[in-house]
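Spelled out, the chains give:
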Amino acid sequence: MQTVLSIAIDAFAYGMALFIICIGLSLTMGLMRVVNLAHGAFAMIAGYIASYAARDLGLGYAVAIFLAIIGTVIISIPIERLLYRRIYGSPELTQVLMTIGITFCVIGITNYFFGPTLKTIPLPGSLSQPIDVGFKTIAAHRLFVMACGLVVAGGLWFLIEKTDFGIKLRATVDNAAMADALGVRTQVVYAISFAIAIGLAALGGVVGAEFLPIEPYYALRYMVTFLVVVSVGGAGSIPGAVVACLLLGAVDTTGRYLMPEFGNFFFYAAVIAIVCVFPRGFFGRAQ
Amino acid sequence: MSASTDRRWLRDVIGIALIIAAGLAGYWLFPDNLALLTRVIAAALLVLSIDLITGYCGVATLGQASLFGAGAYAAGIACVNGITEPVTLILIGAVAGSVAGLLMGTIMLRAHGLAQLVLSIAIVQLFHEAANKASAYTGGSDGLAGLMVSPLFGMFAFDLWGRTAYLFGLALLVLVFIILKFVVSSPFGMLCRGIKQDPIRIRAMGSFVFPVLLKMFVISGAVAGMGGALAAISTQVVGLDSVSFELSANALVMLVLGGLGSLYGALVGTVIFMGFEHFVSAINPFHWMTMVGALLIAVVLAAPGGLSGLLDRFSASGHRAKRGKA
Numbered sequence: 001m002q003t004v005l006s007i008a009i010d011a012f013a014y015g016m017a018l019f020i021i022c023i024g025l026s027l028t029m030g031l032m033r034v035v036n037l038a039h040g041a042f043a044m045i046a047g048y049i050a051s052y053a054a055r056d057l058g059l060g061y062a063v064a065i066f067l068a069i070i071g072t073v074i075i076s077i078p079i080e081r082l083l084y085r086r087i088y089g090s091p092e093l094t095q096v097l098m099t100i101g102i103t104f105c106v107i108g109i110t111n112y113f114f115g116p117t118l119k120t121i122p123l124p125g126s127l128s129q130p131i132d133v134g135f136k137t138i139a140a141h142r143l144f145v146m147a148c149g150l151v152v153a154g155g156l157w158f159l160i161e162k163t164d165f166g167i168k169l170r171a172t173v174d175n176a177a178m179a180d181a182l183g184v185r186t187q188v189v190y191a192i193s194f195a196i197a198i199g200l201a202a203l204g205g206v207v208g209a210e211f212l213p214i215e216p217y218y219a220l221r222y223m224v225t226f227l228v229v230v231s232v233g234g235a236g237s238i239p240g241a242v243v244a245c246l247l248l249g250a251v252d253t254t255g256r257y258l259m260p261e262f263g264n265f266f267f268y269a270a271v272i273a274i275v276c277v278f279p280r281g282f283f284g285r286a287q
Numbered sequence: 001m002s003a004s005t006d007r008r009w010l011r012d013v014i015g016i017a018l019i020i021a022a023g024l025a026g027y028w029l030f031p032d033n034l035a036l037l038t039r040v041i042a043a044a045l046l047v048l049s050i051d052l053i054t055g056y057c058g059v060a061t062l063g064q065a066s067l068f069g070a071g072a073y074a075a076g077i078a079c080v081n082g083i084t085e086p087v088t089l090i091l092i093g094a095v096a097g098s099v100a101g102l103l104m105g106t107i108m109l110r111a112h113g114l115a116q117l118v119l120s121i122a123i124v125q126l127f128h129e130a131a132n133k134a135s136a137y138t139g140g141s142d143g144l145a146g147l148m149v150s151p152l153f154g155m156f157a158f159d160l161w162g163r164t165a166y167l168f169g170l171a172l173l174v175l176v177f178i179i180l181k182f183v184v185s186s187p188f189g190m191l192c193r194g195i196k197q198d199p200i201r202i203r204a205m206g207s208f209v210f211p212v213l214l215k216m217f218v219i220s221g222a223v224a225g226m227g228g229a230l231a232a233i234s235t236q237v238v239g240l241d242s243v244s245f246e247l248s249a250n251a252l253v254m255l256v257l258g259g260l261g262s263l264y265g266a267l268v269g270t271v272i273f274m275g276f277e278h279f280v281s282a283i284n285p286f287h288w289m290t291m292v293g294a295l296l297i298a299v300v301l302a303a304p305g306g307l308s309g310l311l312d313r314f315s316a317s318g319h320r321a322k323r324g325k326a
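From first to last, the protein sequence lines stand for chains A and B.
Quick note on my numbering: the first sequence kicks off at 1 and runs consecutively.
Quick note on my numbering: the second sequence kicks off at 1 and runs consecutively.
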């Protein structure tokens, strides 16, 4: 029973960390139709910034997260203007190649500046101790990740479904030319949603560093994981991303706990099964 | 009509002669690097196989190494178990690759677009884990070592410098290339290109799309499997990296660099990519990554048809100037 509980808690926390990173990718893929394989690269940049701020400069955890998000978004703006803007609406293969190229560049450049070692982001005392929740003690960091995930999911839902910006965004997605003609500044909408997606990647990269450690090949190692999660959930769907992250997080964590020698076997077996049954993902929209 | 067919024939004969000439030039110019050149040939077969399904059928894949690895492991296991005739080993690799291609095609063709790409990745990762797990047969992460291949035709032993392996590989590559030239210009090849451009219209014309694509997957698997078997024979080791996502992604990059939908492009891309990799990654592997990344971005932005597309554009610009913008 204890094992089941700890697996469940770890799986939930891991799923939430995945969710924070992947939902940004889901947005860019579902709403802007860009297969952004460099998404993990931005999470990695954020991790490096946070690690530098918290460990080398001695700033607080919250400040480090804030700096990481702002820094990553600032870095992403010229990249979006110069590179991504040219591949909106291109065939998938073109987008995949371009974003793999960006990922390689980010990996190479990051290593040139920070070296090939693993970077840690020191947790503050309040997050590194266990908390007693009645039936079990849980690491406070796990709870923090879960809370972050839930806040992000709720916040995004509110933003897309209930605000003015959300209406413009959905209009742009459905028919960019018509939205443009009706006075929606689609370029601005795209730029803002891209910034939000990158900001979420940054948040997820820092918060989830306990599960997905920050190291030089981070962007490449988890690129596939992120892409898989998004396509299983259905690009652009928040509930889909939640379900996919929790399900695949659970499969992965359970597999690692009970049969560690099989590695990622169960994860990818589950992916093939799900994609065969739901070719558009759980909540993907028909094209 | 017949004049243009004649010209195409002439072009292909010249092209194949050029490939043989370049291969033999490599043999004379780099006698100390024949092992590397043989690896290039094995990779070229892999890239050709991706070209068949991505370039000619429009099915993007990031998991082609699973077919390459199937051929490599099949040949390796057969060799360890006493079948040491090199031509037989290549055939075993081809059969294993086409069986894997059949399996992969059956799964991948269920989905479209992004889901298809994700499936291809998931398949190569599954193959990787399976090869890792079945260590009794594959040697797991240590790799399958100790392949003792008997002399080719009972006469030419596989020497330490890799001369036999290289010439054998070159002959295999030229043979496969000629066969593929026939395949892609056959009615079947034309149908594949039609499917790439508009599958719905092809269906409306009364052709079945799925079996055609599946057939191409099997052919592509045979080519990739031969590449894997060649790699196994020449290096005498089969490692887990022959069924990795990285190899699949690199091979796709080589193809795109050379030009999708052109068999020559596949060869050119492979040679340039692996040549660069050999020199630059020896200096610093991270600089290599930055360079590949920059190269990819440059190709996507500046030369979407790859190097061969660029060449075509230059040679066709004269015609196009007369006819106006196509």
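Honestly, the hints are just simulated from the structure, not real lab data.
Remember, it's a predicted structure, so these values are computed and weren't measured experimentally.
Virtual Cβ for every residue (Gly too), placed ideally from N, Cα, C.
A couple of the hints might just be wrong.
Here are some chain A residues pointing at chain B (derived, C-beta under 8 Å) [what the hints assert, rightly or not]: (1) G101; (2) A181; (3) I272; (4) V275.
Anything over 12 Å on all C-beta distances counts as not near chain B; from chain A, calculated [said to hold, decoys possible]: (5) I87; (6) S126; (7) I196.
For each hint, the structure was consulted:
| no. | hint | verdict |
| --- | --- | --- |
| 1 | G101 | holds (3 Å) |
| 2 | A181 | violated (28 Å) |
| 3 | I272 | holds (5 Å) |
| 4 | V275 | holds (5 Å) |
| 5 | I87 | violated (7 Å) |
| 6 | S126 | holds (37 Å) |
| 7 | I196 | holds (21 Å) |
The structure shown violates the earlier hints numbered 2 and 5.
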